[in-house]
Amino acid sequence: MIKHLMTIDDEPIDQKMYRRLISKSGIVETLHQPMSGQEALNFLAAPDCPKIDAMLLDINMPGMSGFDFLEKAQAAHGNSFVRYAVLMLSSSTRRQDQERAAAFPMVQDYLAKPLTIEALEAIDKKLAEINASPAQSIS
Amino acid sequence: MPRTKRHIARSIAYAGGFLAAASCSAWFWLEHDRLLTRQTELASTVLRLERLTGYVGFIHDFKNAVLRPAEPVYLQRAEDQFAAAMQTLDDLQQIAQSEALDSDLSAYRATLLKYHDHLVLLRETPFDSSNIADADALVRVRDSAARENLDALTAQLSRALADRAAPVQRNLMVSLAISLILLTLLVTDQVQNARIRAERDRLEARQQMLEAEQRHSEELAQSLDQLRQLNREQAEFTYSISHDLKSPTITARMLVAALQEDLSPRLMAQDQELLDDLDQVLGRMAMLTTDMQNYTQALNTEELREDVSLDDVLDGVIDDLRADIASAEVSIQRAPLPSLQASPHQMRNLLQNLLHNALKFARTDAPLKIAIGASDAKPGHVAFYIADTGIGIAENQHDAIFRPFARLHLREQFDGSGLGLPICLRIARAHGGGITVDSTEGAGSTFTVTLKAS
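Read top to bottom, the protein sequences are chains A and B. Residues 1 to 139 in the UniProt record's numbering are what the first sequence spells out, letter by letter. Residues 1 to 454 in the UniProt record's numbering are what the second sequence spells out, letter by letter.
These are computed hints drawn from the structure, not numbers from a lab. Keep in mind the model is a prediction, meaning the values are calculated, not measured. Hints are not guaranteed to be accurate.
16 Å max Cα-Cα, derived EDC-like pairs, lysine to aspartate or glutamate [said to hold, decoys possible]:
(1) A:K3 x A:D109
(2) B:K63 x B:D136
(3) A:K16 x B:E412
(4) B:K452 x B:D376
(5) B:K63 x B:E148
(6) A:K24 x B:D311
(7) A:K113 x A:D14
(8) A:K16 x B:D277
(9) A:K113 x A:E11
(10) B:K369 x B:D324
(11) A:K24 x A:D124
(12) B:K452 x B:E306
(13) A:K3 x A:D97
(14) B:K63 x B:D163
(15) A:K16 x B:D376
(16) A:K16 x B:D128
(17) A:K16 x B:E273
(18) A:K3 x A:E29
(19) A:K16 x B:D324
(20) B:K63 x B:E79
What follows is a set of in silico ranges between Cβ atoms, one per label pair, in the way DEER data are often shown [stated by the list, open to error]:
(21) B:L410 x A:R20: 19 to 25 Å
(22) A:L21 x B:T290: 30 to 36 Å
(23) A:R20 x B:S309: 49 to 55 Å
(24) A:S23 x B:P336: 34 to 40 Å
(25) B:R215 x A:P12: 57 to 63 Å
(26) A:S23 x B:M254: 29 to 35 Å
(27) B:L410 x A:L21: 53 to 59 Å
(28) A:A75 x B:A394: 19 to 25 Å
(29) B:T364 x A:E29: 54 to 60 Å
(30) B:S327 x A:S23: 49 to 55 Å
(31) A:A75 x B:D277: 31 to 37 Å
(32) B:R215 x A:A122: 18 to 24 Å
(33) B:N396 x A:R20: 37 to 43 Å
Note that beta-carbon positions come from the ideal geometry of N, C-alpha and C, so glycine has one too.
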């Protein structure tokens with residue numbers, strides 16, 4: 001069970017489809033859907049912000065890209081603003097994107113769109129493993 | 001290299017000739033010197049002979065011995081002088097002989113011997129010097145022949161020596177001149193050859209440089225050809241892809257429309273929403289493929305150029321966009337636009353994109369005003385502006401807006417293919433011009449387009 005999942009994507013239809021899939025999967029308790037990196041930052045900065053367990057992050061967004069968001073979030077909150085982050089790419093992974101992602105320890109996987117139930121379940125499983133052995137969790 | 005070989009052969013010839021001529025000169029100089037020495041020797045020997053014989057010599061002492069018999073010293077001195085004169089005569093003959101010249105001094109020798117006979121007589125026979133007749137008989141010896149003999153021989157010998165010296169001297173001059181000429185030739189040739197070699201080296205270096213440059217430019221031309229070919233292929237490929245994507249997209253939209261028509265009575269609201277979303281996404285895809293085609297086609301500079309009135313083009317564009325214009329509460333202020341030689345299709349595309357942008361990026365809190373008109377242009381060009389009172393563009397985004405798929409806004413706010421301005425820029429460049437933007441965020445934008453007049 002994923003308590004708090006955040007999907008950051010500027011495409012309203014994509015967000016709608018995530019919501020549909022996630023509600024059908026039944027393994028997510030609360031879903032947060034900021035439409036931009038800035039909205040996500042505002043959410044994280046709020047005093048009553050819950051602990052985000054997993055994050056699905058779109059890279060190609062206008063204004064603030066996924067990487068820009070990661071940098072800003074890291075600067076504001078360190079590495080602990082999320083347990084498990086997944087980068088979502090609309091095209092196949094480019095090498096320079098992978099190299100850039102290596103700078104962020106919370107980024108643990110890549111995902112090619114569209115999002116599937118299987119991918120969601122894999123994230124759930126990974127989170128369970130992390131919770132079972134806290135030594136491996138990211139500090 | 002034959003030139004080098006020829007030069008070496010020539011140098012050797014000049015140097016050898018110079019050495020030979022110089023050796024000859026040295027030899028002729030020595031010979032000339034020797035002959036001069038002989039002449040001096042001859043002159044001094046003749047002078048000695050005359051002294052030994054004449055007034056301070058043999059005959060003088062002999063005559064004193066005749067006049068003063070009581071003083072035997074004259075007798076002895078005459079005897080000594082005679083011996084010395086005879087020896088000098090031999091010396092003179094030796095000189096002549098050493099030069100292989102005839103030296104007949106018999107008359108001189110005979111006269112001297114005659115005097116000597118008289119001297120012997122004087123010594124052996126008591127003599128009374130007071131007897132003038134006897135004394136006179138004793139000292140009177142005919143000696144004119146002797147003098148002539150010596151003069152003739154001296155003249156003959158010195159003439160012979162001079163005759164020998166003359167050709168030697170001439171040869172010396174000639175060989176000196178020849179060696180000087182050869183030396184000059186040798187030096188001139190070396191200098192000239194050095195100059196030729198330097199010039200040749202310079203030419204060779206220049207030639208090599210030119211060849212390298214030519215190779216380089218050939219390589220460049222080849223690369224350019226390859227690039228053009230590649231670019232053309234890429235453009236054709238992109239065009240085909242967008243074209244081939246477009247028709248299934250249109251078909252898919254028709255299928256969605258059919259589904260909506262057939263299913264709408266039975267559809268739940270959320271399913272209806274899904275179908276609407278699908279139609280929206282397919283519409284975006286159709287727009288993207290159309291713009292991709294336009295973007296690729298804007299590269300084609302060979303498209304037929306016609307006389308185009310931008311005013312006419314703008315009429316058509318405004319007619320196309322009349323729905324947007326009506327809904328946007330916009331006032332358009334038009335000033336006359338220039339005419340030019342251009343692709344009518346691309347001019348329409350250009351104005352359509354620019355006007356569409358002006359309408360799209362309007363502010364929500366103020367009425368939109370758009371002004372279009374001609375601008376000043378450099379000779380051979382035309383220019384026009386399209387100014388709006390829309391949202392404007394931040395200074396740091398003035399370059400980004402011309403890059404394909406540069407996304408500055410959320411799709412919710414301003415939808416688009418991300419190719420509008422890149423298409424405009426390509427069209428302007430294909431028509432020998434460009435686009436500049438002057439804009440302040442929040443206060444509107446002015447795009448100025450420059451195009452070649454023909």
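For each hint, the structure was consulted:
no. : hint                        : result
1   : A:K3 x A:D109               : violated, 19 Å
2   : B:K63 x B:D136              : holds, 10 Å
3   : A:K16 x B:E412              : holds, 13 Å
4   : B:K452 x B:D376             : holds, 13 Å
5   : B:K63 x B:E148              : violated, 22 Å
6   : A:K24 x B:D311              : violated, 57 Å
7   : A:K113 x A:D14              : holds, 10 Å
8   : A:K16 x B:D277              : holds, 10 Å
9   : A:K113 x A:E11              : holds, 12 Å
10  : B:K369 x B:D324             : holds, 14 Å
11  : A:K24 x A:D124              : holds, 15 Å
12  : B:K452 x B:E306             : holds, 13 Å
13  : A:K3 x A:D97                : violated, 29 Å
14  : B:K63 x B:D163              : violated, 40 Å
15  : A:K16 x B:D376              : violated, 51 Å
16  : A:K16 x B:D128              : violated, 182 Å
17  : A:K16 x B:E273              : holds, 10 Å
18  : A:K3 x A:E29                : holds, 5 Å
19  : A:K16 x B:D324              : violated, 28 Å
20  : B:K63 x B:E79               : holds, 12 Å
21  : B:L410 x A:R20: 19 to 25 Å  : holds, 21 Å
22  : A:L21 x B:T290: 30 to 36 Å  : holds, 31 Å
23  : A:R20 x B:S309: 49 to 55 Å  : holds, 53 Å
24  : A:S23 x B:P336: 34 to 40 Å  : violated, 60 Å
25  : B:R215 x A:P12: 57 to 63 Å  : holds, 58 Å
26  : A:S23 x B:M254: 29 to 35 Å  : holds, 31 Å
27  : B:L410 x A:L21: 53 to 59 Å  : violated, 22 Å
28  : A:A75 x B:A394: 19 to 25 Å  : holds, 22 Å
29  : B:T364 x A:E29: 54 to 60 Å  : violated, 38 Å
30  : B:S327 x A:S23: 49 to 55 Å  : violated, 36 Å
31  : A:A75 x B:D277: 31 to 37 Å  : holds, 36 Å
32  : B:R215 x A:A122: 18 to 24 Å : violated, 58 Å
33  : B:N396 x A:R20: 37 to 43 Å  : holds, 38 Å
Consistency note: the structure conflicts with the earlier hints numbered 1, 5, 6, 13, 14, 15, 16, 19, 24, 27, 29, 30, 32.
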